[in-house]
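**Q** Sequence:
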Amino acid sequence: MAKLTRKHKEASAKVDRNKLYSVAEASALVKEITYVKFDASVDIAVRLGVDPRKANQMVRGVVTLPHGTGKDVKVLALVTPDKEAEAKAAGAEYVGLDEYLQKIKDGWTDVDVIITMPSVMGKLGPLGRILGPRGLMPNPKTGTVTMDVAKAVEEVKAGKIDFKVDKTGIVHASIGKASFSPEKIAGNAHELIQTLIKLKPTAAKGTYIKSIHLSSTMSPGVPVDPKAV
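Under the UniProt record's numbering, the first residue of the sequence shown is numbered 1, with each subsequent residue one higher.
No wet-lab data here; the hints were simulated from the structure.
These numbers were taken from a predicted model, which means no experiment stands behind them.
In this text, a Cβ means the ideal position worked out from N, Cα and C, and glycines have one as well.
Please note that a few of the clues may not be correct.
Unchecked claim - Label pairs and their in silico Cβ distance ranges:
no.	residue 1	residue 2	range
1	Val36	Asp82	40 to 48 Å
2	Lys227	Glu10	23 to 31 Å
3	Ser12	Gly107	35 to 43 Å
4	Glu84	Ser12	49 to 57 Å
5	Thr168	Gln194	16 to 24 Å
6	Gly135	Asp82	39 to 47 Å
7	Gly135	Lys210	20 to 28 Å
8	Thr109	Lys200	28 to 36 Å
9	Glu84	Gln194	35 to 43 Å
10	Ile197	Pro81	37 to 45 Å
11	Pro226	Ala158	23 to 31 Å
12	Lys210	Lys7	25 to 33 Å
Stated by the list, open to error - Subject to a maximum C-alpha distance of 20 Å in a straight line, what follows is the list of computed EDC-like cross-link-like pairs (lysine to aspartate or glutamate):
no.	residue 1	residue 2
13	Lys151	Asp72
14	Lys157	Glu191
15	Lys200	Asp162
16	Lys210	Asp225
17	Lys14	Asp51
18	Lys167	Asp43
Model the full assembly from the supplied sequences, consistent with the hints where possible.
**A** Next up, the structure:
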């Protein structure tokens, strides 16, 4: 652990705590201070001036990252037999219905996204206590409950993610990998930030985007200037 601590201190020393970086500067610096031996995830945390306890200040949405997430997203398509072929052709790793519903009941959740059809949602209701806490419950608002199953699978594979402000007013999202170029990291970050700006609730008063930080797995956060986005 001492070795990790030393590396973390060295990484932290490269971040000027008295400076707010541009998205481009922060994206380059995150790559520079990433010290783990695997391809770390790059994350963004945006603190919003909203009260998530109030329904009219809830911020939730979807965004398609222009450069993808860098992750191999495992998709389960819970569909009727007539939709199985198109789900498989679109790239879903797991396709079916009753057998996967039973697997989930037995505790299996080894997927990243579940896509289903409106007619199937009734069967998913009893599984909410398993899927909900893991963020796997399909939702029409995020495009994961749809009749156009193939399109939904393709979008998720291409880098479509959903996000939701947490109870502390922060939106956390993974926007790429440390192996991405700074330009790709910045492009994905900019796309998410601009999407958040468009979703500003009319009930939100004062400063909307209060702070932004970019970081990678186990790296210190790099503060981004909210006024420069």
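**Q** Each hint needs a verdict: does it hold in this structure or not?
**A** Evaluated hints:
| no. | hint | result |
| --- | --- | --- |
| 1 | Val36 / Asp82: 40 to 48 Å | 45 Å, holds |
| 2 | Lys227 / Glu10: 23 to 31 Å | 30 Å, holds |
| 3 | Ser12 / Gly107: 35 to 43 Å | 40 Å, holds |
| 4 | Glu84 / Ser12: 49 to 57 Å | 50 Å, holds |
| 5 | Thr168 / Gln194: 16 to 24 Å | 22 Å, holds |
| 6 | Gly135 / Asp82: 39 to 47 Å | 28 Å, violated |
| 7 | Gly135 / Lys210: 20 to 28 Å | 24 Å, holds |
| 8 | Thr109 / Lys200: 28 to 36 Å | 33 Å, holds |
| 9 | Glu84 / Gln194: 35 to 43 Å | 37 Å, holds |
| 10 | Ile197 / Pro81: 37 to 45 Å | 43 Å, holds |
| 11 | Pro226 / Ala158: 23 to 31 Å | 28 Å, holds |
| 12 | Lys210 / Lys7: 25 to 33 Å | 30 Å, holds |
| 13 | Lys151 / Asp72 | 17 Å, holds |
| 14 | Lys157 / Glu191 | 17 Å, holds |
| 15 | Lys200 / Asp162 | 16 Å, holds |
| 16 | Lys210 / Asp225 | 9 Å, holds |
| 17 | Lys14 / Asp51 | 34 Å, violated |
| 18 | Lys167 / Asp43 | 18 Å, holds |
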